[in-house]
Amino acid sequence: MIVQSLPIERIETGIPGLDNILNGGLPKGRSTLVAGTSGSAKTVFAAQFIAEGIKQRAETGVFVTFEESPEDLRRNMLAVGWSISDWENEKKWMFVDASPRGKDRAVVTGDYDFGALLARIEHAVRSTDAKRVALDSLGAVFLQFGQTETVRSELLRLTEGLKAMGVTSVITVERTHEYGSISRHEVEEFVTDNVIILRNTLELEKRRRTVEILKLRGCEHSKGEFPFTVLPGQGIVAVPLSAIELKQKSSDLRVSSGNAELDRMCDGGFFRDSVILVSGATGTGKTLMVTEFMSGGARQKERCVLFAFEESREQLFRNARGWGVDFEGLETAGLLKVVCIYPEVKGLEEHLIAIKEIILDFKPSRVAVDSLSALERVSTIKGFREFVIGLTSFIKHQEVVGLFTAATPTLMGGTSITEAHISTITDSIILLRYIEMYGEMRRGLTVLKMRGSKHDKDIRECTIDGKGLHIGKAFRTVTGILTGQPTYMDFSDIERLETSFSESDGAREH
Amino acid sequence: MNRHYLKLFICGMTLTSEQAMANLRQLLREHPDFDCELVIVDVLERPDVAEAEGIVATPSLLREVPTPRQLLVGDLSDVGSVKRLLGIVENAKEESIQ
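If you're matching them up, the sequences are chains A and B in order. Take 47 as the starting number for the first sequence in our numbering and just add one per residue. Take 95 as the starting number for the second sequence in our numbering and just add one per residue.
Don't take each hint at face value.
The calculated SDA-like cross-link candidates involving lysine to any residue, where the alpha carbons are at most 25 angstroms apart (straight line), are [unchecked claim]:
| hint | chain 1 | residue 1 | chain 2 | residue 2 |
| --- | --- | --- | --- | --- |
| 1 | A | LYS383 | A | PRO278 |
| 2 | B | LYS101 | A | GLY192 |
| 3 | B | LYS101 | A | ASN66 |
| 4 | A | LYS137 | A | VAL90 |
| 5 | A | LYS137 | A | GLY75 |
| 6 | B | LYS177 | A | LYS383 |
| 7 | B | LYS101 | A | GLY156 |
| 8 | B | LYS177 | A | LYS209 |
| 9 | B | LYS177 | A | VAL153 |
| 10 | A | LYS209 | B | ASP136 |
| 11 | A | LYS137 | B | ARG140 |
| 12 | B | LYS177 | A | ALA152 |
It should be emphasised that the hints constitute simulated quantities derived from the structure, not laboratory data.
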């Protein structure tokens, strides 16, 4: 006999990013245990589960609180942006207050059950026609009644009761350690089907919040830890990185880099939904390339956003003026938005979310980030890589051209750490390098890779003046520029002057 | 003499509910001097009252007056504790409040 079970129906939590990780949502009509140490945002999770149901799906909810009083919760959640009392008035949210009340002293005098609690929850569910129930948190029940067999079996009866009511529930529980047994009171024994773990770890002096779906019985879900953050006005926002599907459309449309010579080197410009990394030491012209990329877009009436993490607005505007670009005018015309953020003000997850919001709001065709290296300073390597993957895939989904810059630590040659981490993620890489030639510093530029297109392979000299970046001819007499150890071919001085640049102006393509 | 206001919360006519009521009745029979007003609340019929008083477990005996409020959880079979908590003194003509 073949027994085929129907796929388990899901209910979208509505928590941004989480449903992606859950591959659809929580199993409908079941209980999910949410375990976390203190300060891991369990209560926010539980409240958001109800709040998003009300906001997004017109599903009412019941919040059973064992720990904080409804009064405290109303006030705390107002800071997250949810006006619970309004929802209570509209009969969309109902509290079941099982928190220890001030002066009541409870003494056990014999056998008991949690019949009253179940009756209260059932009453609340019936009177609001609730689809969602949150219980926060079980630890307080054990604190009130002790860690007895009765409490355990009664909590099991409670979850059975919730199932019988047909509601989807989230039950929070404390953990003592970030990695170790699931919960302090071993409640997973009776809510075993679905377990989500919230973590708040300290990595290299930085707090990192992650969410992990430990199990979701009978359901597919993404595995591993995913970063999330708690934002005022939004609550939990998860960043489903490896859950991002590689299904970006690719486009054959090209856009100008803002520099005619560079366009020629790239066989007509950048692809419309590609991400370009510009790597170079300080002063090689990265910010200039960004400026030209922005002004080139604005010239074609495309909207552009520049995220600057290194320089202030005033500096950027002054520099742009120096190269003949009027950022102020472009901003007034609504074609440009310059966002200057000090990298240290928030974590990378929050930066990513802020960047996404600005992009969704402004709907640009071009996005530049100057520089990624500045952001790398405020994060761990893993967190940084996740950030770049998240940003890259988001940009591609929006069909936007992205230009990122990365600073190399050494003046001559070398690759940046940033580059090593993200070069496989970006579509094109442009290198800007200093070249020391006979007592003179010169700048070289090369297109290292360009996915899906032929491109110029020369290392060309470039110069910067009051009109911007000019790309000249290829260095023919120097080798070893990229390694930072240039060697020169043995010509006499006069010969050098005549032959140091090839005359065959970039027509070499392989 | 102080009058006691008691509320006994039960959850349907289960064995523990009946046990709790029997234990309380027995206690009151043995102590006719204990002046009290007792209300029995079935949480299945009046979940709103249980909500208002924050009752989680059943059976529960709530002493509202005299204050401080005292909550006795369980079927009241631990008679010694019940008496102590309600301030019933054995073989005393007048009960005193601890």
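Status of each hint after checking the structure:
Using a Cα cut-off of 25 angstroms, the hinted pair LYS383/A and PRO278/A holds, with the two alpha carbons roughly 24 angstroms apart. At most 25 angstroms may separate the alpha-carbon atoms for a hinted pair to count; LYS101/B and GLY192/A meet this at roughly 24 angstroms. For the suggested pair LYS101/B and ASN66/A, the alpha carbons sit about 50 angstroms apart, so the restraint of at most 25 angstroms is broken. With a C-alpha separation of about 21 angstroms, the suggested pair LYS137/A and VAL90/A falls inside the 25 angstroms cut-off, and the hint holds.
Distance hint between LYS137/A and GLY75/A is fulfilled; the C-alpha atoms sit about 21 angstroms from each other, no more than 25 angstroms. With a CA separation close to 76 angstroms, the supplied pair LYS177/B and LYS383/A exceeds the 25 angstroms bound. Under the criterion of a C-alpha separation no larger than 25 angstroms, the hint pairing LYS101/B with GLY156/A is consistent with the structure, at around 17 angstroms. For the hint linking LYS177/B to LYS209/A, the alpha-carbon distance of about 40 angstroms lies beyond 25 angstroms, and the restraint is violated.
About 12 angstroms separates the Cα atoms of LYS177/B and VAL153/A, which keeps this hinted pair within 25 angstroms; it holds. Distance hint between LYS209/A and ASP136/B is fulfilled; the C-alpha atoms sit about 23 angstroms from each other, no more than 25 angstroms. A hinted pair counts as satisfied when its Cα atoms are at most 25 angstroms apart, and LYS137/A with ARG140/B qualifies at roughly 19 angstroms. Between LYS177/B and ALA152/A the alpha-carbon distance is near 15 angstroms, which keeps this suggested pair within the 25 angstroms criterion.
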